[in-house]
Amino acid sequence: MCDTCGCSQPADAVTFKKPGEEHHHHDHNQDRIINIERDVLSKNNSVAERNRGYFDAKNILALNLVSSPGSGKTTLLEKTISKLKNTIAMAVIEGDQQTLRDAERIQATGAPVIQVNTGTGCHLDADMIHRAIHELTLDENSVLWIENVGNLVCPALFDLGEAMKVVIISTTEGDDKPLKYPNMFMESQICIINKTDLLPYVDFNVEACKNAAKQVNPSIEFFELSAKTEDGLNDWLEWIQHQAAKE
Amino acid sequence: MHEMSIAINIIDLATDFAQKENAHVIERIQLDVGTLSGVLIDSLSFCFDAASKNTIVENAELVINAIPAKGNCTDCNNHFDVEQWPSPCPQCGGYFITVSSGKELKVKSITIN
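In the order they appear, the protein sequences are chains A and B. All residue numbers in the first sequence are consecutive under this note's numbering, ending with 260. All residue numbers in the second sequence are consecutive under this note's numbering, ending with 391.
One thing to keep in mind: the hints can contain errors.
As the list claims (entries may be wrong) - No farther apart than 30 Å at their CA atoms in a straight line, the calculated lysine-lysine pairs in the BS3-like style are these: (1) A:K56 x B:K331; (2) A:K96 x A:K193; (3) A:K227 x A:K71; (4) B:K348 x B:K298; (5) A:K56 x B:K348; (6) A:K193 x B:K381; (7) A:K223 x A:K259; (8) B:K381 x A:K223; (9) B:K386 x B:K331; (10) A:K56 x A:K193; (11) B:K381 x B:K348; (12) A:K71 x A:K31; (13) A:K193 x A:K227; (14) A:K227 x A:K241; (15) B:K348 x A:K223; (16) A:K193 x B:K298; (17) A:K98 x A:K56; (18) B:K331 x A:K227; (19) B:K386 x A:K227; (20) B:K386 x B:K298; (21) B:K386 x B:K348; (22) A:K193 x B:K331; (23) B:K331 x B:K381; (24) A:K56 x B:K298; (25) A:K56 x A:K31; (26) A:K96 x A:K71; (27) A:K223 x A:K193; (28) A:K227 x B:K381; (29) A:K98 x A:K241.
To be verified - Away from chain A, derived, C-beta distances all over 10 Å, residues of chain B: (30) E299; (31) A301; (32) D320; (33) F324; (34) T333; (35) F358; (36) Q369; (37) K384.
FYI, nobody ran anything at the bench for these hints, they're computed from the structure. Beta carbons: idealized from backbone N, C-alpha and C, even for Gly.
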């Protein structure tokens, strides 16, 4: 390699010399353009497809739960698992920056769970799921819940190999959130409006929220429920059983 | 701040291709970034500078082609420019729009030496 500039040319390959001049010159114009035409997330996407193949082979319904922090994802999972654990085998991957708190709550329901702590990371990626499913024993014909890091922006971009994304919005948030964070609502097939028990006390307009979400994604489907009081929970539970039977 | 992950993915992809060509320096990386890709270009450039330190990509020029978003109305078949998502079809007011371009997030090419 050339000692001066680090280019790939052997230092002695080309020399230009005048009598009395010690310094060597060589051609720096060796730039080559390599066409790549590759999706930036192609590595993530190929691992996601690998996960998807694994889920298909074992007939596992993988659902990626996404929302802002505090929308009630973990409470909804606790309730869902408690109600369905005698009907469907379920396991959970919990994503958070820090702590085992959510995993401990899920473990109390009896479902197998693994906590992925992303450190400073703001989303789960396909490789984290790949590694997590190596640590979990997943039954055939089961449901795998992936509770993503609470963040309405970044997780929209990362395919994990899930069957679908389920976005959760709670009535303590603004009903215009689908317009403010359109990517997540574009990528999700299901929207759960949670904490409906608080509707008498907050300014959240359910119809306005649904209209906003439909503008972003006209085919999105809704469930309105309160994970806490269990009002509206049955429709959701029936839907999961129906989806799991379809897989 | 997913732009940091995106920047690292770009650097890894460019480095893989450059190493296959036995290149020691990457002079330039050309990207296609759609306006609906969910990536903030300023933030991506900032993260790219930070993440490329001490790699063969350090000092590479990041050339970003911003790809404007276009939509197709499934109700009236109108093809139109999408300034912001969601936008109704300017012809019929419908919201059943499919995105025909604007979600790109792609490494087009690298220039190596």
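Hints, one by one, checked against the model:
Of the supplied pair hints, the one linking K56 of chain A and K331 of chain B holds, its CA atoms being roughly 22 Å apart against a limit of 30 Å. Proximity of K96 of chain A to K193 of chain A is assessed by CA-CA distance (about 34 Å); at most 30 Å being required, the pair is judged violated. Of the pairs offered as hints, the one joining K227 of chain A and K71 of chain A is violated, with about 33 Å between alpha carbons and a cut-off of 30 Å exceeded. Restraint check for K348 of chain B and K298 of chain B: the C-alpha separation of about 36 Å exceeds 30 Å, so the hint is violated.
Under the criterion of a C-alpha separation no larger than 30 Å, the hint pairing K56 of chain A with K348 of chain B is consistent with the structure, at around 26 Å. A threshold of 30 Å between alpha carbons decides the hint, and for K193 of chain A with K381 of chain B the separation of about 18 Å falls inside it, so the pair holds. As the CA atoms of K223 of chain A and K259 of chain A are separated by approximately 26 Å, the hinted pair is consistent with the 30 Å bound. Restraint check for K381 of chain B and K223 of chain A: the C-alpha separation of about 24 Å stays at or below 30 Å, so the hint holds.
Using a Cα cut-off of 30 Å, the hinted pair K386 of chain B and K331 of chain B holds, with the two alpha carbons roughly 22 Å apart. Distance restraint check for K56 of chain A and K193 of chain A: the Cα-Cα separation of roughly 29 Å lies within the 30 Å cut-off, and the hinted pair is therefore satisfied. Note on K381 of chain B and K348 of chain B: the hinted pairing holds, with a Cα-Cα distance of about 10 Å set against a maximum of 30 Å. At most 30 Å may separate the alpha-carbon atoms for a hinted pair to count; K71 of chain A and K31 of chain A exceed this at roughly 74 Å.
At roughly 13 Å between alpha-carbon atoms, K193 of chain A and K227 of chain A fall within 30 Å of each other, so this suggested pair holds. Distance restraint check for K227 of chain A and K241 of chain A: the Cα-Cα separation of roughly 26 Å lies within the 30 Å cut-off, and the hinted pair is therefore satisfied. Straight-line distance between C-alpha atoms of K348 of chain B and K223 of chain A comes to about 24 Å, which keeps the hinted pair within the 30 Å bound. Of the pairs offered as hints, the one joining K193 of chain A and K298 of chain B is violated, with about 43 Å between alpha carbons and a cut-off of 30 Å exceeded.
Restraint check: the Cα-Cα separation between K98 of chain A and K56 of chain A comes to about 35 Å, which exceeds 30 Å; the hinted pair is violated. Taking the CA atoms of K331 of chain B and K227 of chain A, the gap is about 43 Å. The hint is violated against a cut of 30 Å. Straight-line distance between C-alpha atoms of K386 of chain B and K227 of chain A comes to about 34 Å, which puts the hinted pair past the 30 Å bound. As the CA atoms of K386 of chain B and K298 of chain B are separated by approximately 17 Å, the hinted pair is consistent with the 30 Å bound.
Of the supplied pair hints, the one linking K386 of chain B and K348 of chain B holds, its CA atoms being roughly 20 Å apart against a limit of 30 Å. Restraint check for K193 of chain A and K331 of chain B: not satisfied, since their Cα atoms lie roughly 34 Å apart, outside the 30 Å limit. About 28 Å separates the Cα atoms of K331 of chain B and K381 of chain B, which keeps this hinted pair within 30 Å; it holds. The straight-line distance between the Cα atoms of K56 of chain A and K298 of chain B is roughly 17 Å, inside the 30 Å bound, and the hint therefore holds.
In summary, the hint linking K56 of chain A to K31 of chain A is not supported, as the alpha carbons are separated by about 52 Å, beyond the 30 Å threshold. As the CA atoms of K96 of chain A and K71 of chain A are separated by approximately 23 Å, the hinted pair is consistent with the 30 Å bound. With a C-alpha separation of about 14 Å, the suggested pairing of K223 of chain A with K193 of chain A holds against the 30 Å cut-off. Between K227 of chain A and K381 of chain B the alpha-carbon distance is near 19 Å, which keeps this suggested pair within the 30 Å criterion.
The hinted pair formed by K98 of chain A and K241 of chain A meets the criterion: a straight-line CA distance of about 18 Å does not exceed 30 Å. Not every beta carbon of chain A lies more than 10 Å from that of E299 of chain B, the smallest distance being close to 6 Å; the non-interface claim is violated. The beta carbon of A301 of chain B is not kept farther than 10 Å from every beta carbon of chain A, the shortest such distance being approximately 7 Å. Even its closest Cβ contact with chain A, about 15 Å, leaves D320 of chain B beyond 10 Å, as expected for a residue assigned away from the interface.
Remark: the non-interface label on F324 of chain B is consistent with the geometry, its nearest Cβ contact in chain A lying 16 Å away (cut-off 10 Å). The beta carbon of T333 of chain B is kept farther than 10 Å from every beta carbon of chain A, the shortest such distance being approximately 13 Å. Every CB of chain A lies more than 10 Å from the CB of F358 of chain B, the least distance being 16 Å, so the non-interface label holds. Chain A leaves Q369 of chain B outside its interface by the beta-carbon criterion, the shortest separation being 16 Å against a cut-off of 10 Å.
Not every Cβ of chain A is farther than 10 Å from the Cβ of K384 of chain B; the closest lies at roughly 5 Å, contradicting the non-interface assignment.
Hint compliance for this structure: hints 2, 3, 4, 12, 16, 17, 18, 19, 22, 25, 30, 31 and 37 are not met, and every other hint is.
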